[in-house]
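Participant: If you want the building blocks of each chain, they are given just below.
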Amino acid sequence: MPPSDSGRRDILRGAAALIADALLPRRAFAARDRSDNRNRAIVVTFGGGVRWEDTFAPEGWPNIPHLVSELVPQGLFYPETRYEGLTGHFNATGALVTGCLQNVDAYGGEAPTTPTVFECFRKERGLPPEETWVIASNKSFGLLGGSKLRDWGDPCAANVILPKQFLVEAVKSAVSTDAGPGVEDRQALAERMVSALDEGYEGFGWRVHESGRALGKEVRTSLARSLLDYFNDPLVPTSGDELTFFMTKEIMSRLAPSLVLVNFWDIDVAHFGAYSLYLEAIRRTDRLVHGLWEHAQSLPQYRGRTTFIVVPEMGRDGDPSGNGFQNHRSGDESCRRLWLLAVGAGVPRGLVSERPIRTTDVAPTLARVLGFKMPEGEARPLVELAF
Amino acid sequence: MSAPTRTSTAADAASLLRAHRDLLARLPVTFRAFIGVEAEKWPTLFAPERAYLGALLESIARWTGPELVDVFAGVTRLETGAGCRAVRESDPRRLQDATQALLRRQGLLPRWRQEVDQVFRRLQPRIDERLYSANAPRRLVVVLYGQGIAIQRDRLWRRLRSLGTRVPLRLEGAQTSEAFLHALFRTSAKDTLFSALREAAGRGPHDAWIVEAGESLHALCEAGASRGGAGATGLSYARLRAYREMLARSLYQKVLSGVSGPQELAAYAREMVVGPPQGSLLHSDEVVRAFIRDVFLAGNGTLLLNNTFVEWASVQALKRAEPRLLVARFGVRDKMKPFSSLLLFSSPRPTDQVPILEDPFGSFVDVEQLSYYVWLNAEKSAAYRGKTLYLLLAEGVDEMLAIRSDAPRTEPGELPEAALAEVAATMAAWVGVPLGASSARPLASLAG
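Top line first, the protein sequences correspond to chains A and B.
My numbering applies: residue 1 is where the first sequence begins, and numbers increase by one.
My numbering applies: residue 1001 is where the second sequence begins, and numbers increase by one.
Since the hints were derived computationally from the structure, they do not count as laboratory data.
Hints may contain errors.
[As the list claims (entries may be wrong)] Listed next, the in silico DMTMM-like pairs over lysine to aspartate or glutamate satisfying Cα-Cα at most 20 Å (straight line):
1) B:Lys1319 x B:Asp1285
2) B:Lys1041 x B:Asp1070
3) B:Lys1387 x A:Asp332
4) B:Lys1380 x B:Asp1406
5) B:Lys1380 x A:Glu280
6) B:Lys1190 x B:Asp1154
7) B:Lys1319 x B:Asp1128
8) B:Lys1319 x B:Asp1334
9) B:Lys1335 x A:Glu280
10) B:Lys1319 x A:Glu280
11) B:Lys1319 x B:Asp1398
12) A:Lys148 x A:Glu333
13) B:Lys1254 x B:Asp1285
14) B:Lys1380 x A:Glu376
15) B:Lys1319 x B:Glu1199
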């Protein structure tokens, strides 16, 4: 007999419990005392890519009510933002975190070729891994936390967590042992859960490339434990991005890292050709971005000292190119024209800068905000922000 | 253009390549690979595709040596930079894979695409001139919203409304799908518009297409079909379910067995030998079977979403088969299951507790965009541009939008009320089919 919905939650709770160390004090990883006034930065991407016309063009405003009505008035908006690189997910976000256009395997099989902000930050300051995080719905982002350069990479890369894969592992672990929760048809359940989580919008056969730097056991345990609470919530999440949202909040609350990149990715459902699902995902991302901003304001470690940057990974094809919103292959103007919103510490309120900028400018901006050096490149910090 | 001909074989392709051997040797390697790959697919190409390949080579051949160097200079420069010209490979597919990989590795693929676009900007007018004469036959594209889609009247055909003429309709009892389709497409007790077109113009089944989410139009064509079948090439997402599931299972098994990435899986998919089961198609031949396989394997959501299938297959049919008549009939999409936005490949299992629910409101948003793309893509082609009547209808809805691409609208876009029989007569008149027993008259301002 198949499990009921509540049974399903039991399974997931059990899965998380199996991974969690029962002896671990509940708040062992509660954020350290943050009486210091160090700056923090959170970058959130509209991963998958969105078009100007579906977001900040007037006809797109209904899709982003939180950005338009609540965050833009508090921040600095750049409507002339461009991305000139390869229009694939890994390379586009790679450019964002390195300040350099990347040309590596489009499906995440190679790390970036130039240092990431995470490596530069940690190396210069001698910071522990828990200070920098990549939390990504896109399962090909396993190698985004560090570059492939000698003397860089894993020793100073960011922690990378792919929440859906994390949950897949938890489910697999739960059903692979007799100590797991009692269910009938254990194998069928495992297949169903893994299938439900193992999605890729753009094509078939994506692999998950594990970051060489595994999460510390205690951090991993603590995060797995947090899944317990997650699935106890009556508002059981309905998308991968909501899981990413939850994980991000957990990491912020428990570890208070200084630098976080959050990649939402439900928007890439556009590849399947359902415009309504694409718009729905934009609206969800808008809501989750606002939720993260609110969460940051609720935490003393973040409130008043966090620069929050929201930017699309890239655009998507214009209607005359190929099959329009479904893809991001043409490299046309619609793929290139983006926007960027900065809000929070050091950001002037309620301003629009018509100055053309590039998404690669995010990396040197983060370096200025957090006070570390990036290798010289073409990208420039956003000078409108007060550092 | 697609009148029945003898079966075209690989020997015809070889003959074409032989005739242009010297020219091929002077072309950039990526172009040569492309032409070689297309020639290899010859037995599965539609007649317009074969004609296109011939016209392409003949048009290039008209350039002098220095002109040829000038036209392809940008492509050649990028190929040299990427090392493509050093590739020694006689198999066109492997040559294409190798050169594309080199361009990709150097980050030159977008610029290469731009350069290729530049070449075609100069080449395309020559090709169009050879293939599409000014007196080429008129074409008809009908886009139908199936019953169940939650139509919002104030937003209906929003993207296209300014281009067309609104026609209020008298449904006269044809509120259901069956009655509506019957009124539009059945020309007599035995014939449909599709079979009548075949008989009137001596056309093959590749010249009239039905692409639908459900199967009502297929059923209509089969009912009373005589004298050589339904007369159309028909693709029904519903009827192809078993085939879709078989493809999905095969791919999923391959994924589970381990693949290095999408390129490897694409290569595996190319080698799969599977076809739609008997009885799932209105007309089945090697070319159509290969077409369907390509639609499922190359269109991202076509295995999963009915309306994506309808749009992508329609656009591909317009591009490749250039039918005189195409009907794209959308339907209601299923809702996505909780948590996973979509379940790739997986069919519902007995243990799956989440019922399948329809999404009539989301479907309306989807088909508004997708029907716009059908029109947009058709108008990109010289076969349709300036010689096509587009009719957009929603089953059970008492209005229609008509767009004549040869006569851009210059006056207020509304006609007097018309009966469905008059719409049927208009369609028949537009494609030159006798009206049969019907006493209805075509709408003069549309069919004239």
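Participant: Please go over all the hints and tell whether each is borne out by the structure.
Facilitator: Here is what the structure says about each hint:
no., hint, verdict
1, B:Lys1319 x B:Asp1285, "holds, 19 Å"
2, B:Lys1041 x B:Asp1070, "violated, 30 Å"
3, B:Lys1387 x A:Asp332, "violated, 28 Å"
4, B:Lys1380 x B:Asp1406, "holds, 14 Å"
5, B:Lys1380 x A:Glu280, "violated, 30 Å"
6, B:Lys1190 x B:Asp1154, "violated, 38 Å"
7, B:Lys1319 x B:Asp1128, "holds, 13 Å"
8, B:Lys1319 x B:Asp1334, "violated, 28 Å"
9, B:Lys1335 x A:Glu280, "holds, 12 Å"
10, B:Lys1319 x A:Glu280, "violated, 31 Å"
11, B:Lys1319 x B:Asp1398, "violated, 31 Å"
12, A:Lys148 x A:Glu333, "violated, 31 Å"
13, B:Lys1254 x B:Asp1285, "violated, 28 Å"
14, B:Lys1380 x A:Glu376, "violated, 45 Å"
15, B:Lys1319 x B:Glu1199, "violated, 24 Å"
Hint compliance for this structure: hints 2, 3, 5, 6, 8, 10, 11, 12, 13, 14 and 15 are not met, and every other hint is.
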